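J.: The letter at position 122 of the sequence shown is residue 136 when you use our numbering, and the numbering goes up by one with no holes.
Mixed in with the good hints there might be a few duds.
Simulated pairs of lysine-lysine, DSSO-like, Cα-Cα distance not exceeding 30 Å [stated by the list, open to error]:
no., residue 1, residue 2
1, Lys34, Lys129
2, Lys133, Lys150
3, Lys129, Lys30
4, Lys18, Lys150
5, Lys67, Lys49
6, Lys111, Lys129
7, Lys129, Lys18
8, Lys133, Lys50
Simulated from the structure, these hints should not be mistaken for laboratory data. Being a predicted model, the structure only gives us computed values, none of them experimental.
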Amino acid sequence: MAIKVIAQLREVKIGKNPGKKFVMRPDLYVPITEKKVFQEAATHSGISSGVIKAAWDAAGEVIRTWATEGHSIPLPGLGTMRFGVRSKAVEKLEDVKANLISVRRIIFTPNVDVKDELKNTSIQITCLDEDGNVLKRVTSGDSGDIEDNENPSTGSGTVENGGSGTVHNGSGIIPTPSDPEDDYPEGGN
15 MAIKVIAQLR
25 EVKIGKNPGK
35 KFVMRPDLYV
45 PITEKKVFQE
55 AATHSGISSG
65 VIKAAWDAAG
75 EVIRTWATEG
85 HSIPLPGLGT
95 MRFGVRSKAV
105 EKLEDVKANL
115 ISVRRIIFTP
125 NVDVKDELKN
135 TSIQITCLDE
145 DGNVLKRVTS
155 GDSGDIEDNE
165 NPSTGSGTVE
175 NGGSGTVHNG
185 SGIIPTPSDP
195 EDDYPEGGN
């Protein structure tokens, strides 16, 4: 299995060195429907696709609810998901306002197994001319580095708060709950 990428010759008009360059983009895959996912999961588990769909829908509701409460939610076999924001940092308490938030984010952090799978998957690049004709094909020999969503380079003056883990308040870091079980007693809600 390989990740497929297209590198097509295009006229680039922005940046420091405009001109014709090979621009890379993912080769578009056919989207897989939920029905197909349920059928495959049923085949692998021996559980009916209807039961899997019901469980999937219920898990989705729980994930949405807990994520909007600020929790980092485990996605079994995949990693964790949480909501967050990008915002500007200010020095004075009276300057903290909602308009400092520039964007809301969904942050997925893959587990070690998913990262290893991605790191060990080759990348096949198909090079095209401006008209879409194949010039050559290349298989990657890159280091397989994986972007770390938990520690992105955000530039100065930007603070990220995902609602769990830490909140930056200008005078230090305040720990916040990261597990729904920290807030709810056993069997309660």
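J.: The structure should be examined with respect to each hint, and the outcome stated for every one.
T.: Outcome of the hint check:
no. : hint            : verdict
1   : Lys34 - Lys129  : 34 Å, violated
2   : Lys133 - Lys150 : 24 Å, holds
3   : Lys129 - Lys30  : 33 Å, violated
4   : Lys18 - Lys150  : 13 Å, holds
5   : Lys67 - Lys49   : 8 Å, holds
6   : Lys111 - Lys129 : 37 Å, violated
7   : Lys129 - Lys18  : 17 Å, holds
8   : Lys133 - Lys50  : 26 Å, holds
The structure does not agree with the numbered hints 1, 3 and 6 stated previously, though it agrees with the rest.
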